[in-house]
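These protein sequences, in sequence, are chains C and A. Following numbering that gives the first Met the number 0, the numbering of the first sequence begins with 0 at its first residue and continues without gaps. Following numbering that gives the first Met the number 0, the numbering of the second sequence begins with 0 at its first residue and continues without gaps.
Be careful, since some hints might not be right.
Unchecked claim - To give an idea of the chain A side of the interface with chain C (calculated C-beta under 8 Å), a few residues:
1. L83
2. D91
3. K227
4. Y260
5. L273
6. T573
7. K611
8. Y612
9. W616
Calculated from the structure, these hints are not laboratory results. Glycine residues also receive a C-beta, built at the ideal position from the N, C-alpha and C atoms.
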Amino acid sequence: MADKDNDKLLEHAYDGIQEFDNPLPTWWKWIFYATILVVPIYMWDPLGIGVGPGKVKAYEQQMAAFNAAHPKSAGTYTDDQLAAFAKDPAKLEAGKVVFTTYCAACHRPDGGGLIGPNLTDDFWIHGGKPTEIMKTVTEGVLAKGMPNWGKVLKPDQIEGAVAYVQSIHGTNPANPKAPEGAKFPSDSAAAPPAVAPKAK
Amino acid sequence: MNARLDSFSYDDAIVRKFLWATMIWGIVGFLIGLIIAIQLPWPGFNLAPYLTFGRLRPLHTNAVIFAFAGNAFFTGAYYSTQRLLKTRMWSDALSKFHFWGWQAIIVAAAVTLPLGFTQSKEYAELEWPIDIAIAVVWVAFAVNYFVTLTKRRERHIYVAIWFYIASIITVALLHIFNNLSVPAGAFKSYSIYAGVQDAFMQWWYGHNAVAFFLTTPFLGLMYYFMPKAADRPVFSYRLSILHFWSLVFLYIWAGPHHLHYTALPDWASTLGMLFSVMLWMPSWGGMVNGLLTLRGAWHKVTEDPILKFFVVAVTAYGMSTFEGPMLSIKSVNALAHYTDWVIAHVHTGALGWNGFLTFGMVYWLAPRLFQTEIYSKKLVNLHFWLATFGILLYVVAIYSAGATQGLMWRAFDETGRLQYPDFVETVMRLIPMYWVRVVGGTLYITGASLAIYNLYKTWATRPATYEVPVVQAAPLDPVYVDDHAPEAGGFWARFTHMGWHRRWEGMPLFFSVMTAVAVIIASLFEIIPTFLIKSNVPTIASVKPYTPLELAGRNIYQREGCFNCHSQMIRPLTYETERYGDYSKPGESVYEHPFLWGSRRIGPDLAREGGKYPDLWHVRHMKNPREVTQKSIMPAYPHLETNLIDFPSIQRSVDAMAMIGVPYGDAVNNAPAMAKAQAEQLAASIEAAGGPKGLADKEIVALTAYLQRLGRDLKNASGGTP
Chain C
0 MADKDNDKLL EHAYDGIQEF DNPLPTWWKW IFYATILVVP IYMWDPLGIG
50 VGPGKVKAYE QQMAAFNAAH PKSAGTYTDD QLAAFAKDPA KLEAGKVVFT
100 TYCAACHRPD GGGLIGPNLT DDFWIHGGKP TEIMKTVTEG VLAKGMPNWG
150 KVLKPDQIEG AVAYVQSIHG TNPANPKAPE GAKFPSDSAA APPAVAPKAK
Chain A
0 MNARLDSFSY DDAIVRKFLW ATMIWGIVGF LIGLIIAIQL PWPGFNLAPY
50 LTFGRLRPLH TNAVIFAFAG NAFFTGAYYS TQRLLKTRMW SDALSKFHFW
100 GWQAIIVAAA VTLPLGFTQS KEYAELEWPI DIAIAVVWVA FAVNYFVTLT
150 KRRERHIYVA IWFYIASIIT VALLHIFNNL SVPAGAFKSY SIYAGVQDAF
200 MQWWYGHNAV AFFLTTPFLG LMYYFMPKAA DRPVFSYRLS ILHFWSLVFL
250 YIWAGPHHLH YTALPDWAST LGMLFSVMLW MPSWGGMVNG LLTLRGAWHK
300 VTEDPILKFF VVAVTAYGMS TFEGPMLSIK SVNALAHYTD WVIAHVHTGA
350 LGWNGFLTFG MVYWLAPRLF QTEIYSKKLV NLHFWLATFG ILLYVVAIYS
400 AGATQGLMWR AFDETGRLQY PDFVETVMRL IPMYWVRVVG GTLYITGASL
450 AIYNLYKTWA TRPATYEVPV VQAAPLDPVY VDDHAPEAGG FWARFTHMGW
500 HRRWEGMPLF FSVMTAVAVI IASLFEIIPT FLIKSNVPTI ASVKPYTPLE
550 LAGRNIYQRE GCFNCHSQMI RPLTYETERY GDYSKPGESV YEHPFLWGSR
600 RIGPDLAREG GKYPDLWHVR HMKNPREVTQ KSIMPAYPHL ETNLIDFPSI
650 QRSVDAMAMI GVPYGDAVNN APAMAKAQAE QLAASIEAAG GPKGLADKEI
700 VALTAYLQRL GRDLKNASGG TP
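If we strip away everything but chain C, and leave its shape as in the complex, we get:
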């Protein structure tokens, strides 16, 4: 940095403002050159941290690596396992929180049904076996408006929710939504549901 005693004033002045004839600060000049030098280095990319293959190719590579590191687990649950969760108080307690937070908006806090079907009766649109409930929750039924919760909830949250749904079966809440879907467990002696299953 220039010593201020050596500063040379330029002869001009504007409304009393004068200017020094100081050179560019050396550090300023060199950093400026360096940032210009970034351009060829970034484009040439010798270290592999530059321009690269473009965002889409880079994404495809990342996805391939990601999928290799995290193989999708196939449905590892059995009906018995999920039925056992429904008897585990810890699971049920956690499941109730999940149900209240995420499911109650459409199925009502008591499970009696609102936008979504009644979950307390004997009728199931997409199957009432624990693994079938699991599948409906995890994969959703987008055509009918059931979101794909597998993307939003974590596995233990889903386990809890499925356990909780099993636990509220037969609780007979007030003002339930009319039954929809097929009876489960199917009972050949039982009459068909009072209201015909809705086909949407």
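Following the hints, complete the assembly by docking chain A onto the known chain C.
Chain A in isolation, oriented as in the chain C frame:
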């Protein structure tokens, strides 16, 4: 040399007017900022329909940029230009027209934005009639300014004037070319550009609005008021020249860094990043020249609150212009984009650089303009400390909010699932920091209110009539002989000696043309390929225009300002596609006039919202978001269930879209009937699912139809569930 001296006086009355406008609009802009800051952690503070976050946020940005900073620029420019050129402004009438025209535009903005009239392009929200008024007023200002330049009595123009010239020319260009649109009613228009091209134009504008409305005008002010207040010469004339030209030329290229990882082509993104990195030192040239001007005057800074304001302003400028290039690096941007990090970044600039430079300038001007002593120096000091502390609280809280949310969005657990798959979880974590911002903002506004009070008390002790000093200066000799000795040495030696630039400074109109050339050439290098290279936007056969009803819904989406909180642009990043679905393709936006990609995710991305939830979910969600998502901070929009759809206006919308090339087919003849048919069908399905009756002519149906369409074209093409 001509021995005759002209006698003349400066027009300070116009400066006083602009000064009051600066301070009054400043308070208004800050207050709206405070209101929207409270609305985030406390959604009940949204008063639908007119005072929701989506409508007030653009009012806040427009008020602080164009009303506060704009009037501050005009205050300082009218004061300093006359003195630096030794001449009165050419036309007092044009100065007055500029003042009143500009204030009328601000009032028009304050009325139309809450009413929901918006082009939905950031900082260019105002609708077409107001845009035309802005162009007229700006041209009046420019004419007055350039004629004044020719009437000057100072041969050479000082660096402050260079920056003013660059600002005046470039803002005109940016404003006109970004706002080209086709009207579809008195207060509704559609950008003539679509999708990728509209996004490009918008951020060419948006970034350079920061450059040529908030940076170059204020550098000009700095170059006048800082040496004046410190009574010290400017550190380096040569640095002024170099950083001026490099700044003006490089800034224009940087816009695409706002669109990293979007559907913008890679080459544009890369150019934006590299030029932003190169912009670091040109920006810091201004900071260096400002701070080093204080060499030998640092003892004054401890005593003079005006210099304190200037030092913090220039330091904030240095911080945000270091951070800008850093944020433009693609990998850094991937983390920061769509988060509060960017909000903190701009507030370092706005509160620190623009705000403090303005306050310092106003306090310096007040005794001179009101021809009296400042009422209380203590209050100036108190203002300084309150505002400094306020800025610190604001930015610390919001930087951490930005980093927190950015990191939460990208976090995966050990099983390869998103750590925080529920978006609202990442919002809840920010609430405490939002309250800290409210405290910081309150301190800042308290400081500004003290300023108004102090100025009022100062003004109250003004003389009965202002003295108008008569200035004397010799007119310019019509025949100018360059008194510089021919420079020695080779080309490079002569170039670096800057004698050529000294000659340019004696030719302001030529200087202005060169500035325009620098800006236009840099722009064309990016604009021409963006519009001409077909492969930038590969077409997708399944992408079709919106139905008339969906278009009406989109108009509502724009009106309510949904794009202020929801993006519609999924980036090709693992954690984004995991959360939202396949990344957005350029071809999906070809009918998006204007593009609605958004720039901040206060709520989740909506690019693939269609079909994620049932119709009734949307109806309930709009009426009260917390009924379906307990912790949502979204405002409630109950009026959508009672407002009637304006069916006749749909035809105007469709016609305007068809005019700019959207293949509407049959809809150009009977859009309202088509919209009615679709609305009835949708309303029936909502009712069948247990929803409210009689929605077929209500706005909620149009909006639901639009939301349910988002991202569906691509899903349909790839054989997904319709």
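Evaluation of the provided hints:
1. L83: holds, 5 Å
2. D91: violated, 20 Å
3. K227: Hint holds; A:K227 Cβ to chain C Cβ min 7 Å, cut 8 Å.
4. Y260: holds, 6 Å
5. L273: Because about 5 Å separates A:L273 from the closest Cβ in chain C, which is inside the 8 Å limit, the hint holds.
6. T573: Holds: closest Cβ of chain C sits about 5 Å from A:T573, inside 8 Å.
7. K611: holds, 6 Å
8. Y612: Since the shortest Cβ distance to chain C is 6 Å, the answer is holds.
9. W616: Nearest chain C Cβ about 6 Å off; hint holds.
Of the hints listed earlier, the one the structure fails to meet is number 2.
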